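Per our numbering, the very first residue in the sequence shown carries number 49; after that it's consecutive.
Careful: at least some of the hints might be erroneous.
[Said to hold, decoys possible] Estimated spans, in silico, between C-beta atoms of each pair:
#1 Asp225 x Gly153: 34 to 42 Å
#2 Thr216 x Glu112: 22 to 30 Å
#3 Tyr176 x Pro244: 16 to 24 Å
#4 Pro241 x Asp113: 15 to 23 Å
#5 His154 x Glu112: 17 to 25 Å
#6 Pro244 x Phe115: 27 to 35 Å
#7 Asp145 x Pro244: 38 to 46 Å
#8 Asp124 x Ala239: 17 to 25 Å
The set of hints was computed from the structure by calculation and includes no laboratory data.
In this text the structure is predicted, and so the values were computed from the model without any measurement.
Think of the CB as a built atom: it goes at the ideal place given N, C-alpha and C, for glycine as much as any other residue.
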Amino acid sequence: MTVLEDRIAMADVNTQRLDEWFERLERMPVPEGFRVEIVGGTVYMTPQRDTHWGIIRRIVRAVEDRFGMDVQVFSDVRIDFPGHENGLCPDVAMLRDSAEKDDEGHWRYEDVEFVFEVISEGTAANDYGPKKAAYATAEVPLYVIVDPYQGRCYVYTDPKNGDYVTRTRVDFGDDIDLTGTVADLTVSTSAFPRDPSPLA
49 MTVLEDRIAM
59 ADVNTQRLDE
69 WFERLERMPV
79 PEGFRVEIVG
89 GTVYMTPQRD
99 THWGIIRRIV
109 RAVEDRFGMD
119 VQVFSDVRID
129 FPGHENGLCP
139 DVAMLRDSAE
149 KDDEGHWRYE
159 DVEFVFEVIS
169 EGTAANDYGP
179 KKAAYATAEV
189 PLYVIVDPYQ
199 GRCYVYTDPK
209 NGDYVTRTRV
219 DFGDDIDLTG
229 TVADLTVSTS
239 AFPRDPSPLA
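Please put together the full structure from these sequences, using the hints given.
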C-alpha cells in the first residue's frame, strides 16, 4: 500500500469510530453552550466564553467581508482529520468553493483552506500540539492560533512532515496580514477582547 492508501484506510476506520462516539455524545445531556470535540481519541467539552465568541465573530465577519456571504466558512462543525480519532470542530474553518460532503455526510479535511483556533484555558495544549499536528499532516496551508491570554496570534504556514515550517507572531493591535496566502485577507485584531492570564 502507498502512504496515501494507508491514510485513506485509517481515515475510514477513524470516521466509523468517531461516528459512534458522536452519536453517543448526542444522547448525553451535554449542557447548553458547551462545545464537544474529540482530539486523539479523547473527548473534550468546553464552555463557550464571551471572549472566545467575540473573537470568532470578528474573524468570520472579516472572511465574509472578503469573500461574500455564500463562502463556506464554519464554526464548531465537525471535520475528521488525520491521526488517531481526530473529530475536530475548528473555531473557524473555510472550505474551498467546490467542497461537498462525502457519502457519509461529512465535510472532507482535504477541502479545508484555512483554520483559526481561539485558545481556551483548558484546551490550549490541544491547539498548540495535537491539533496543529493534525492540520499540518492534513496539509492545511494556513493555521492561525489566536491567544486572548497572551494577547497575540501565531500564523503557521508551509505544512511539511506533520508540522509547519513557518511561524509568524502578531500582537493584538496589529493586523493579521494574510495577503499572499490562501486566505488572501487581512484580519484586524484591534477589537479582539482579552482574557486575564490564568497565571495572574
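Right, here's what the structure says about each hint:
Taken as a hint, the range 34 to 42 Å holds for the pair Asp225 and Gly153, whose Cβ atoms sit roughly 36 Å apart. For the hinted restraint 22 to 30 Å between Thr216 and Glu112, the CB-CB distance of approximately 24 Å keeps it satisfied. Taking the beta carbon of each, Tyr176 and Pro244 are about 19 Å apart, inside 16 to 24 Å as hinted. Between Pro241 and Asp113 the Cβ separation comes to about 19 Å, which falls inside the hinted range of 15 to 23 Å.
Taking 17 to 25 Å as the suggested C-beta distance range, the pair His154 and Glu112 conforms, at roughly 24 Å. For Pro244 and Phe115, the Cβ-Cβ distance of about 34 Å falls inside the hinted range of 27 to 35 Å, so the restraint holds. Range check, Asp145 to Pro244: Cβ separation about 40 Å, and the 38 to 46 Å hint holds. For Asp124 and Ala239, the hinted distance range of 17 to 25 Å is satisfied, since their beta carbons lie about 21 Å from each other.
Of the hints listed earlier, there is not a single one the structure fails to meet.
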